[in-house]
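> Each chain, written out:
2 protein chains.
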Amino acid sequence: MSGYPLDEILHPKSIAVAGASADGRGAGFVSPLIELGFRGKIYPVNPKYAGQNIMGLKTYATVREIPEPVDFVISSIPATQVLGLLDDCAAKGVKGIHFFTARFSETGRPEAAQLEKEVLRRARAANIRLIGPNCMGVYYPAWGVSFSEGMPKQSGVIGCASQSGSAVHEIVEMARQRGCYFTKAISYGNAIDLNECDYLEYYAQDEDTKIIVMYIEGVRDGKRFFKSLRRTTLKKPVIIIKGGRGRAGTRATASHTASLAGAMEVWHTAVRQAGAVEVSTIEELADVAAAFYFLPPVYGVRAGVVGGSGGSSVMGADQCEEAGLDVIPMPNDIREELKKRGSPIWDWISNPADFSIQMGDSGSGGDITLLMGEHPDFDLIIQYLSPPHSWGGRGRPVLPIEEHLKHSGVGAIKKPMFIVLQDRGRSTSDTTGESLRKFNEFRDKLVENRLPTYPTIGAAANAAAKMVAFYQNRERAIAAACL
Amino acid sequence: MSGYPLDEILHPKSIAVAGASADGRGAGFVSPLIELGFRGKIYPVNPKYAGQNIMGLKTYATVREIPEPVDFVISSIPATQVLGLLDDCAAKGVKGIHFFTARFSETGRPEAAQLEKEVLRRARAANIRLIGPNCMGVYYPAWGVSFSEGMPKQSGVIGCASQSGSAVHEIVEMARQRGCYFTKAISYGNAIDLNECDYLEYYAQDEDTKIIVMYIEGVRDGKRFFKSLRRTTLKKPVIIIKGGRGRAGTRATASHTASLAGAMEVWHTAVRQAGAVEVSTIEELADVAAAFYFLPPVYGVRAGVVGGSGGSSVMGADQCEEAGLDVIPMPNDIREELKKRGSPIWDWISNPADFSIQMGDSGSGGDITLLMGEHPDFDLIIQYLSPPHSWGGRGRPVLPIEEHLKHSGVGAIKKPMFIVLQDRGRSTSDTTGESLRKFNEFRDKLVENRLPTYPTIGAAANAAAKMVAFYQNRERAIAAACL
Chain Y
85 MSGYPLDEIL HPKSIAVAGA SADGRGAGFV SPLIELGFRG KIYPVNPKYA
135 GQNIMGLKTY ATVREIPEPV DFVISSIPAT QVLGLLDDCA AKGVKGIHFF
185 TARFSETGRP EAAQLEKEVL RRARAANIRL IGPNCMGVYY PAWGVSFSEG
235 MPKQSGVIGC ASQSGSAVHE IVEMARQRGC YFTKAISYGN AIDLNECDYL
285 EYYAQDEDTK IIVMYIEGVR DGKRFFKSLR RTTLKKPVII IKGGRGRAGT
335 RATASHTASL AGAMEVWHTA VRQAGAVEVS TIEELADVAA AFYFLPPVYG
385 VRAGVVGGSG GSSVMGADQC EEAGLDVIPM PNDIREELKK RGSPIWDWIS
435 NPADFSIQMG DSGSGGDITL LMGEHPDFDL IIQYLSPPHS WGGRGRPVLP
485 IEEHLKHSGV GAIKKPMFIV LQDRGRSTSD TTGESLRKFN EFRDKLVENR
535 LPTYPTIGAA ANAAAKMVAF YQNRERAIAA ACL
Chain H
85 MSGYPLDEIL HPKSIAVAGA SADGRGAGFV SPLIELGFRG KIYPVNPKYA
135 GQNIMGLKTY ATVREIPEPV DFVISSIPAT QVLGLLDDCA AKGVKGIHFF
185 TARFSETGRP EAAQLEKEVL RRARAANIRL IGPNCMGVYY PAWGVSFSEG
235 MPKQSGVIGC ASQSGSAVHE IVEMARQRGC YFTKAISYGN AIDLNECDYL
285 EYYAQDEDTK IIVMYIEGVR DGKRFFKSLR RTTLKKPVII IKGGRGRAGT
335 RATASHTASL AGAMEVWHTA VRQAGAVEVS TIEELADVAA AFYFLPPVYG
385 VRAGVVGGSG GSSVMGADQC EEAGLDVIPM PNDIREELKK RGSPIWDWIS
435 NPADFSIQMG DSGSGGDITL LMGEHPDFDL IIQYLSPPHS WGGRGRPVLP
485 IEEHLKHSGV GAIKKPMFIV LQDRGRSTSD TTGESLRKFN EFRDKLVENR
535 LPTYPTIGAA ANAAAKMVAF YQNRERAIAA ACL
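Same order as they appear, the protein sequences are chains Y and H. For the first sequence, the tail end lands on 567 under my numbering, and the numbers increase by one without skipping. For the second sequence, the tail end lands on 567 under my numbering, and the numbers increase by one without skipping.
Here chain Y stands alone, though its shape is the one from the complex:
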């Protein structure tokens, strides 16, 4: 245990679920614990079902009546009943409560805000730490804890803290689609006790967490937050999405998590100065996280783009430059080498390297990829790839995946490589699931090779550019600190 308040409440030996019921939402907080294999005790609590079984577990009328110690409580009871629950938890020596329970200050109603204050007061008096209220709580696969069914059992190296529960769902799902998994993901809602600083500082010192991603609507303690953020980004990447950037979004944060969204210019500057990576959608967050997840640090923006067709090469080059990458001309010594090897397109092939122009020639696209992948003028490679089943046909054989990858230079190239994995397999016309299965199989093979995959070159270029900017900033910050 690290001494961080979260460390203790994230490792309960027993969990009570207040408001559990035999059907609907309440049971939803019992079943994910069972599904993820939580090894401690689970106690459903609901006076309506007292003495009965919920999912095979004996149900108690109150937390107080549970005969064994209770470390952590998940509350999905109505807000009107939470003070009684707090008193029971205090009597029982509970260390932490996650309040899924909502309708506090986010309603904008004075009496609800008053109740929220009283919740905090009683929790403080009883030394109970709070996650929430108005949030989904904790997903911690290695500890067998989840707030929702169907979450991955696999652990990874991303730590996520989010004010929004739906954002956590989206983040975990989109990361999974890119082959990335989590140490923990916590939705923390109104943050009346533990707030963004606690979550950030916890992940900063958590050795299993290599990448931190956050969805933040409002910061409770700006000074502490940005100080922690600056310190954290020297150690690991922090990717942040700010909800409530405009007028309407600011109104929405108030009614969502009672946050006061601040002036965006100040925010952007502070995040940049703290060395964190700012993104504006969940998709982008997952795309950038995947780059950090699989690739070593990259310090330059000179990109080699390989494997697209004509139009996609042109549009790809545009999108790379617009993202901030430098799509340099094809180095002359690569041309000379291609000429020496007898390539009929040595003078014509460019960067982006449009492979469609060599159709019918013997020259292999893999050759060009390898030459670019070994050349010192390129800092990184962006490569278009399609699963072999969509690449074959038209007289071309469908290669086995391994051979297809080898042919594409995967495995042989040491340089950081961002894969544009076009999603043809998911066309609307195939509903047998077969092409989706093949697509996934191919994607998994890329993940095994520690390659991040992107649906478009725009997404790949943006992730690459943001990753490079992070490492460049960190280098500068470390250099400045050493002066």
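Hints are computed from structural coordinates only; laboratory data are not their basis. Please note that the accuracy of each hint is not assured.
Identical copies carry no separate label here, and so any pair may be met within one copy or between two of them.
Claimed, not checked - Straight-line C-alpha distance at most 30 Å; calculated DSS-like pairs for lysine-lysine:
#1 201 to 423
#2 237 to 522
#3 490 to 424
#4 176 to 125
With chain Y fixed as given, assemble chain H onto it according to the hints.
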């Protein structure tokens, strides 16, 4: 026939495919014609297979030897042989040739550029019009013409002209995924004869074409193009994506279609002044096209956003504002009406209307959607929807699609509605195809209701804002013309 050169060559009674072969790419231009049910004669041409059958069709050594008239020729023979083909076509009275054949000026080689000039000279002398070279050619489902297998047989109201063949494939596929189809889609490559102006002017007068989409790398005749564009946008929307916007992209256009990409500032201004809609990716092009495809004109940007959860409402509001929409506060008379109906969240619900806050209450999300959909303060509605199979569960019944839609106000709302259709059904974990099938079924039902669907609220907001800007510009242009 309209007298436009394209009109004649787009309606051939017979097509010869020069370079057809029993396998590989060449046969590829025979099989799509058969697949799409071309009702005229098809003549494979290849000396190697002369007298044999290709796909059940008698093959000729040369175009000249075909005993019947030939209106149109598709050429996939090597560039070195095209002059002979042109002479044969001239002798035969062919009206148009599509040159899939490449390796002309786009190679950057003087002798190839010289050959291209000679091709044009001979075609002009023989009164033959050319599509290409270095392009995929014509997809015209109602005439049974296609350059590729697997293209939709269904016709629609979009006319597409693209310098890139892969871009046409992408555009047609992405449009199909949104329920939108084409009158014709033509990839025109190096445009040595018929160029962007011919395609634009043809679609401008083509009554079946209601929306024009273009992918352009370089404009051959800028003065004529922008004059035509200005005239066309008074009649129908034109959506343009420019390939070759940056330095690397400009290099890439040269080696792709031998286009000289111009200064982007000049381009942006000219496109805007001509009243066209500029987009920067194929996805965006398809998103904007879908709005025009299904919705009536919209002239204002005041958006009502309904049906998301907390975090997605906040991020959605941000993305709407960043796209240029005005997410106005919830009108007071809607609040009053909700209060009158006994809604417990009448004072709390906002715009975006986060439906998750009414969980467990009797108030129906459909009520709020209807009230917003009928309220004069909103110009358009953006609504989050999920297929019923992903919405059900957790104690909620899986409604039949029709009931789910009715519950969401679909069908009852007259205002233009943009649907954010979240793609949960396509999660990586389901490879049975079942959730994809259900997702598609639901999307098709929305299409039947003439509703455009978007993968994210950012895409929906951007499409809405660009559509409104088009109609506002057109209104101003018409008003100015009437002064």
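> If a hint holds in the structure, say so; if it does not, say that too.
Okay, the hints, checked on the actual structure:
{"no.": "1", "hint": "201 to 423", "verdict": "between (75 Å within a copy, 27 Å between copies)"}
{"no.": "2", "hint": "237 to 522", "verdict": "both (22 Å within a copy, 26 Å between copies)"}
{"no.": "3", "hint": "490 to 424", "verdict": "within (23 Å within a copy, 68 Å between copies)"}
{"no.": "4", "hint": "176 to 125", "verdict": "within (15 Å within a copy, 87 Å between copies)"}
In this structure, none of the earlier numbered hints is contradicted; all agree with it.
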